[in-house]
Amino acid sequence: MKILVIDDEPNIRLLFQEIFKMKEYDTEIAENGKIGLELIKSNDYDLVFLDRKMPVMSGDETLNQLRAFSDVPVYLVSAFQTDEEIQSIKQTGATGVLMKPFTIDEVVKIAEKFS
Numbered sequence: 001m002k003i004l005v006i007d008d009e010p011n012i013r014l015l016f017q018e019i020f021k022m023k024e025y026d027t028e029i030a031e032n033g034k035i036g037l038e039l040i041k042s043n044d045y046d047l048v049f050l051d052r053k054m055p056v057m058s059g060d061e062t063l064n065q066l067r068a069f070s071d072v073p074v075y076l077v078s079a080f081q082t083d084e085e086i087q088s089i090k091q092t093g094a095t096g097v098l099m100k101p102f103t104i105d106e107v108v109k110i111a112e113k114f115s
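Quick note on numbering: the UniProt record's numbering labels position 52 of the sequence shown as 52, and the sequence is numbered without any gaps.
In short, the hints are calculated from the structure, not lab data. Watch out, some of these pointers could steer you wrong.
Unchecked claim - Distance ranges between label pairs, derived from CB positions: (1) N64 with S42: 17 to 27 Å; (2) L14 with K53: 26 to 36 Å; (3) M22 with Q91: 11 to 21 Å; (4) D71 with K34: 13 to 23 Å; (5) E9 with G96: 12 to 22 Å; (6) E38 with D83: 32 to 42 Å; (7) E24 with T82: 18 to 28 Å; (8) P101 with D46: 30 to 40 Å; (9) S58 with F102: 17 to 27 Å; (10) M22 with E84: 34 to 44 Å; (11) K23 with P101: 13 to 23 Å; (12) E24 with E84: 34 to 44 Å.
Stated by the list, open to error - Cut-off 25 Å, straight-line C-alpha distance, at most; resulting in silico cross-link-like pairs (SDA-like, lysine to any residue): (13) K53 with P10; (14) K100 with D26; (15) K113 with Q91.
Built from N, CA and C at the ideal position, the CB exists for glycine as well.
The task is simple: from the sequences and hints, build the whole structure.
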């Protein structure tokens, strides 16, 4: 299984890498949406975790551009937890939402759906 994590926070990227290393999933990282889109154009991923709030290119903008050429499953990672925000996220074309703070088990369960 090949997973891409797009997040501007180094500690979050490292956490995802460690979680997926335990599961022996192939994981690549990108620090912003622009880099993430380039990686997606040149690689086949089974799943993408995409932070919603990032500099350079937001998760929403990244997902919008991504959907023009790919239907890879994308989970938006967000700290927003109101019902309005969750509905807004779902309207972006995301496969699902992973709310911060999240647990290792939540991340693994999402990944296992696509492995």
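Comparing the hints with the structure gives:
1. Between N64 and S42 the CB atoms are about 19 Å apart, so this pair conforms to the stated range of 17 to 27 Å.
2. The hinted range of 26 to 36 Å is not satisfied by L14 and K53, whose Cβ atoms lie roughly 18 Å apart.
3. Checked against the given bound of 11 to 21 Å, the beta carbons of M22 and Q91, roughly 33 Å apart, lie outside it.
4. A hinted range of 13 to 23 Å holds for the C-beta pair D71 and K34, which are about 20 Å apart.
5. A hinted range of 12 to 22 Å holds for the C-beta pair E9 and G96, which are about 20 Å apart.
6. Between E38 and D83 the CB atoms are about 34 Å apart, so this pair conforms to the stated range of 32 to 42 Å.
7. For E24 and T82, the Cβ-Cβ distance of about 36 Å falls outside the hinted range of 18 to 28 Å, so the restraint is violated.
8. Taking the beta carbon of each, P101 and D46 are about 25 Å apart, not inside 30 to 40 Å as hinted.
9. In this structure the hint that S58 and F102 lie 17 to 27 Å apart at CB holds, the actual value being about 19 Å.
10. About 35 Å separates the C-beta atoms of M22 and E84, a value consistent with the hinted range of 34 to 44 Å.
11. At roughly 20 Å, the beta carbons of K23 and P101 sit within the given window of 13 to 23 Å.
12. The given range of 34 to 44 Å is respected by E24 and E84, whose C-beta atoms sit roughly 38 Å from each other.
13. Note on K53 and P10: the hinted pairing holds, with a Cα-Cα distance of about 14 Å set against a maximum of 25 Å.
14. With a C-alpha separation of about 23 Å, the suggested pairing of K100 with D26 holds against the 25 Å cut-off.
15. Using a Cα cut-off of 25 Å, the hinted pair K113 and Q91 holds, with the two alpha carbons roughly 21 Å apart.
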